[in-house]
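J.: Now for the letters of each chain:
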Amino acid sequence: MGKTLNIAPITRIEGHASVSIHLDDTGNVSDARMHVLSLRGFEQFVLGRPVEEVPRIVPRICGICPWHHHLASNKAADACLGVELPPTGRKLRELCQMMAYIPDKILHFYFLAAPDFVLGPDADYSVRNVVGIVGANPELAKKVVHMRYKGQMLLEKFAGKVIHPVAGVVGGFSKPLLEEERKEILAGIQELKDFSIFTIKFAREEVFPKYLDAVKILGVFPSGYLGTVRPSDGALELYDGELRMMDKDGNFDQFTYPEYVDYIGEHTEPWTYLKFPYSRKAGSLNLDENDPVGVYRANTLARINVCDKMATPMAQEELEIFRKEFGRPTHLTLLYHWARLIELVQACERAEELLNDPEITGREHRAKNIEPRAGDGVGCVEAPRGTLIHHYKTDDNGMVTMANMIVGTTHNNAPMNLSVKQAARALIKDGSYDQGILNRVEMAIRAYDP
Amino acid sequence: MTKVTVAEEWLNACAGCEIAILNVGDVLVDLLVNNLEFVHIPVLIDKKYFGQTGEDKELSIPEAVVGIVSGGVRNEEHKEVLLEMRKKCQILIALGTCATDGGIPAMINMYSEEELKQFYYKDSPTTDPAEYPTEHIPPLLDQCYALDEIVKVDVSLPGCPPHPDWIAGAILALLDGKTEFKMPERSVCDACPTVRESKKGIADIKRLYMAAEYDPEKPLNEMRCLLEQGLLCLGPVTGVGCGGTKGAPRCISARVPCRGCYGPVRKGAKPLVDYMGALASVGFDPAKMPDRRGYLARFSGAHGVLKKIG
Ligand code: SF4
Ligand code: SF4
Ligand code: SF4
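Just so you know, the sequences run in chain order A and B.
Per my numbering, the first sequence runs over residues 69 to 518.
Per my numbering, the second sequence runs over residues 45 to 354.
If you are wondering where the hints come from, they were derived from the structure by calculation, not from laboratory data.
One thing to keep in mind: the hints can contain errors.
As the list claims (entries may be wrong) - With a straight-line cut-off of 25 Å between C-alpha atoms, the simulated DSS-like cross-links for lysine-lysine are:
{"#": "1", "chain 1": "B", "residue 1": "290", "chain 2": "A", "residue 2": "225"}
{"#": "2", "chain 1": "A", "residue 1": "210", "chain 2": "A", "residue 2": "284"}
{"#": "3", "chain 1": "B", "residue 1": "131", "chain 2": "B", "residue 2": "196"}
{"#": "4", "chain 1": "B", "residue 1": "290", "chain 2": "A", "residue 2": "218"}
{"#": "5", "chain 1": "A", "residue 1": "278", "chain 2": "A", "residue 2": "392"}
{"#": "6", "chain 1": "B", "residue 1": "314", "chain 2": "B", "residue 2": "352"}
{"#": "7", "chain 1": "A", "residue 1": "461", "chain 2": "B", "residue 2": "290"}
{"#": "8", "chain 1": "B", "residue 1": "131", "chain 2": "B", "residue 2": "222"}
{"#": "9", "chain 1": "B", "residue 1": "262", "chain 2": "A", "residue 2": "251"}
{"#": "10", "chain 1": "B", "residue 1": "332", "chain 2": "B", "residue 2": "47"}
{"#": "11", "chain 1": "B", "residue 1": "166", "chain 2": "A", "residue 2": "461"}
{"#": "12", "chain 1": "B", "residue 1": "91", "chain 2": "B", "residue 2": "132"}
{"#": "13", "chain 1": "A", "residue 1": "461", "chain 2": "B", "residue 2": "352"}
{"#": "14", "chain 1": "A", "residue 1": "225", "chain 2": "B", "residue 2": "262"}
{"#": "15", "chain 1": "A", "residue 1": "392", "chain 2": "A", "residue 2": "377"}
{"#": "16", "chain 1": "B", "residue 1": "131", "chain 2": "B", "residue 2": "47"}
{"#": "17", "chain 1": "A", "residue 1": "461", "chain 2": "B", "residue 2": "161"}
{"#": "18", "chain 1": "A", "residue 1": "461", "chain 2": "B", "residue 2": "311"}
{"#": "19", "chain 1": "A", "residue 1": "71", "chain 2": "B", "residue 2": "101"}
{"#": "20", "chain 1": "A", "residue 1": "71", "chain 2": "B", "residue 2": "91"}
{"#": "21", "chain 1": "A", "residue 1": "497", "chain 2": "B", "residue 2": "101"}
{"#": "22", "chain 1": "B", "residue 1": "101", "chain 2": "A", "residue 2": "210"}
{"#": "23", "chain 1": "B", "residue 1": "262", "chain 2": "B", "residue 2": "226"}
{"#": "24", "chain 1": "A", "residue 1": "436", "chain 2": "B", "residue 2": "332"}
{"#": "25", "chain 1": "B", "residue 1": "250", "chain 2": "A", "residue 2": "436"}
{"#": "26", "chain 1": "B", "residue 1": "262", "chain 2": "A", "residue 2": "436"}
{"#": "27", "chain 1": "B", "residue 1": "311", "chain 2": "B", "residue 2": "351"}
{"#": "28", "chain 1": "A", "residue 1": "225", "chain 2": "A", "residue 2": "251"}
{"#": "29", "chain 1": "A", "residue 1": "349", "chain 2": "B", "residue 2": "166"}
With these hints in hand, go ahead and build the complete structure from the sequences.
T.: Have a look at this one:
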């Protein structure tokens with residue numbers, strides 16, 4: 069008789085999901101799915117609110133990447149009200165975007181992903197976690213905890229609130245950066261940059277090589293990719309640019325934020341609350357892991373695949389090493405972790421550049437004379453978990469009349485499902501499975517950092 | 045010394061409360077090494093509800109002395125997990141305003157399930173209209189509830205997210221054998237260093253797209269109260285604590301008005317009524333306030349505060 073394995077909750081990720089693996093009479097996988105178990109309704113309950121308040125509401129979509137929602141939402145609200153930002157205001161926002169990236173990447177790599185790599189996927193669940201890492205390598209663990217904390221506190225000290233931020237405002241930023249603050253942040257960022265470079269070297273030389281076998285079989289399938297690039301030269305952008313949608317062979321379209329509706333459709337399945345965005349160009353969505361149609365991925369690996377180069381020098385060196393080994397585009401899901409660390413380096417370098425830019429301490433941090441009006445605005449940023457799309461419409465009073473949001477994790481709903489199915493099929497044979505095998509199936513999800 | 049066991053769960057939550065736990069910082073690392081043993085915490089540890097290979101029929105969480113739960117209760121699974129946590133934990137902590145008062149996700153209580161799904165699955169500009177999903181997912185409850193509407197809560201730590209000072213304070217008090225830990229029942233204004241001139245005469249309310257007036261080189265205690273400047277600051281009707289045990293209110297430090305993320309000053313307070321009073325006291329006509337519910341119940345829509353329109 070066939071049976072169903074109910075893997076719940078999926079752990080060491082952000083959010084609520086479960087996996088069901090269906091075995092047939094012979095004990096082989098007939099189907100496997102990831103179910104997202106909640107529907108919260110942000111699109112509904114921002115209706116009727118003043119549009120400038122929305123950036124103070126939507127960060128609660130995700131407490132791990134609240135800054136990115138805050139900033140994408142601010143951009144959409146700016147666009148609705150037709151506001152141009154002064155350069156200092158724009159740069160302060162970008163600086164916060166970079167500073168929010170850094171602790172997030174450290175958290176994800178060491179706390180959420182590393183237990184599988186450092187302790188091994190077969191280690192018992194009771195030690196396969198950050199506490200286990202503290203036991204296995206106390207010196208490194210101490211440093212990691214300290215560096216993540218430091219990144220968070222630098223941002224908090226400057227912007228008031230680090231989780232669910234408030235300092236981004238329609239028209240710019242609520243306060244300027246003072247010279248002594250700039251110096252202090254710069255020193256902190258330089259320390260974080262050194263730690264990031266240590267981390268990518270450590271991962272590249274000591275962690276990933278041990279798991280290259282797993283990298284080559286877990287959750288591998290061809291797909292398209294979505295990410296942001298700098299319009300002038302196609303460099304990887306984390307804050308502002310144009311979107312690129314690539315197909316599985318590496319051909320791509322490049323488009324502006326408001327054009328997203330022409331390139332992205334959303335499909336619904338009966339067994340999960342979360343919708344499935346797909347590439348409109350493909351015409352439809354098919355979730356067959358051997359021959360997927362319309363499936364594209366977002367987040368680190370996607371950005372690394374779609375960009376022509378990195379925007380900063382050390383990150384570029386790392387991209388060259390990566391590309392030489394895996395090509396472009398590469399479809400190996402576990403490489404998300406590697407790509408994540410390349411971006412970590414760019415975020416540090418870009419933060420440093422911004423802090424060395426004289427305009428960053430300017431006093432025109434916020435546009436004046438803003439008036440409510442009817443408008444239609446799309447704001448995007450790259451969040452650690454993928455492109456955020458916030459789209460609002462307003463009435464004459466600047467009140468929201470429509471809100472459509474496609475968030476990072478949602479883009480990866482289809483690929484996460486395919487990865488789960490592919491991994492389960494590859495690993496579970498003739499009714500034989502154990503905790504370690506099921507954890508490997510979860511690793512295929514954790515790579516996406518949902 | 046034996047360690048105190050802790051179980052942690054998130055329900056209709058965003059993970060910000062869990063990041064706030066990590067932001068306790070070095071104290072937490074010491075506690076983890078010496079005093080606490082997490083037996084269940086999905087964000088960090090792979091303990092499963094239905095056994096490690098997913099074959100059990102009943103949801104089960106290990107026993108623990110302290111249970112920490114973030115997020116409100118929005119669907120059948122949240123409810124089941126909460127009841128199991130209550131059964132297995134001796135002391136239950138509601139962490140964050142979602143858990144204590146519904147938080148931002150409880151703003152959905154103004155709308156019907158049909159309205160919510162109609163846009164999300166049918167009307168949104170990118171969505172191919174479809175039937176609503178129903179299989180293998182927990183049904184939504186009729187609204188989003190605070191934890192104490194479903195089970196008994198022993199310690200309430202509001203905040204979106206709570207300041208790490210209070211999280212550490214509560215844990216240390218419990219380790220000390222106390223079974224209670226209470227937040228002060230004062231308002232954000234009590235911790236706010238801004239200058240209040242108490243002169244009437246706000247001409248007009250300023251919406252958030254208008255800036256506060258202040259000199260960035262000067263500290264907060266030389267900036268005029270934002271409410272007196274005409275900005276809708278909810279400090280008067282919001283519980284104190286976001287700056288930790290000592291610091292200034294966080295939004296005010298960022299030079300923007302409070303939006304109420306610590307919930308009401310005390311249980312049973314009526315922020316809507318009280319705020320109308322606060323506005324009148326600075327000379328503003330409260331009837332002119334736009335989107336009143338969207339400001340005043342933004343974080344506290346549980347406990348029947350926000351009802352469906354129509
Ligand atoms: S209280 Fe705030 S930080 Fe905590 S779960 Fe709710 S929304 Fe997130
Ligand atoms: S109303 Fe706001 S700015 Fe004024 S004292 Fe209270 S918290 Fe401070
Ligand atoms: S000032 Fe108000 S909204 Fe801001 S953090 Fe404090 S309680 Fe929350």
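J.: Would you check the hint for residue 314 of chain B and residue 352 of chain B, treating anything up to 25 Å between C-alpha atoms as holding?
T.: With Cα atoms ~18 Å apart, residue 314 of chain B and residue 352 of chain B stay inside 25 Å; holds.
J.: Holds or violated: residue 461 of chain A and residue 161 of chain B, Cα atoms, limit 25 Å.
T.: With Cα atoms ~19 Å apart, residue 461 of chain A and residue 161 of chain B stay inside 25 Å; holds.
J.: Given the hint that residue 225 of chain A pairs with residue 251 of chain A, does the C-alpha gap stay at or below 25 Å?
T.: holds (13 Å)
J.: Going straight from one Cα to the other, do residue 290 of chain B and residue 218 of chain A come out at no more than 25 Å?
T.: holds (20 Å)
J.: Under the criterion that the straight-line Cα-Cα distance not exceed 25 Å, is the pair residue 311 of chain B, residue 351 of chain B satisfied?
T.: Since the Cα atoms of residue 311 of chain B and residue 351 of chain B sit roughly 19 Å apart, the hinted pair holds (cutoff 25 Å).
J.: Taking 25 Å as the top limit, are the C-alpha atoms of residue 131 of chain B and residue 222 of chain B close enough?
T.: The given pair, whose Cα atoms are some 20 Å apart, holds under the 25 Å limit.
J.: Mind checking the alpha carbons of residue 497 of chain A and residue 101 of chain B for me, to see if they're no more than 25 Å apart?
T.: holds (23 Å)
J.: Regarding the pair residue 262 of chain B and residue 226 of chain B, is the alpha-carbon distance no greater than 25 Å?
T.: Since the Cα atoms of residue 262 of chain B and residue 226 of chain B sit roughly 34 Å apart, the hinted pair is violated (cutoff 25 Å).
J.: Can the restraint linking residue 332 of chain B and residue 47 of chain B be considered satisfied, given a maximum Cα separation of 25 Å?
T.: Answer violated: residue 332 of chain B to residue 47 of chain B is near 56 Å, above 25 Å.
J.: Is the straight-line distance between the alpha-carbon of residue 71 of chain A and that of residue 101 of chain B 25 Å or less?
T.: Holds, because 12 Å separates the two Cα atoms, which is no more than 25 Å.
J.: Holds or violated: residue 101 of chain B and residue 210 of chain A, Cα atoms, limit 25 Å.
T.: Violated, at about 40 Å.
J.: Are the Cα atoms of residue 131 of chain B and residue 196 of chain B separated by 25 Å or less?
T.: holds (11 Å)
Violated hints for the displayed structure, listed by number in ascending order: 2, 7, 10, 18, 22, 23.
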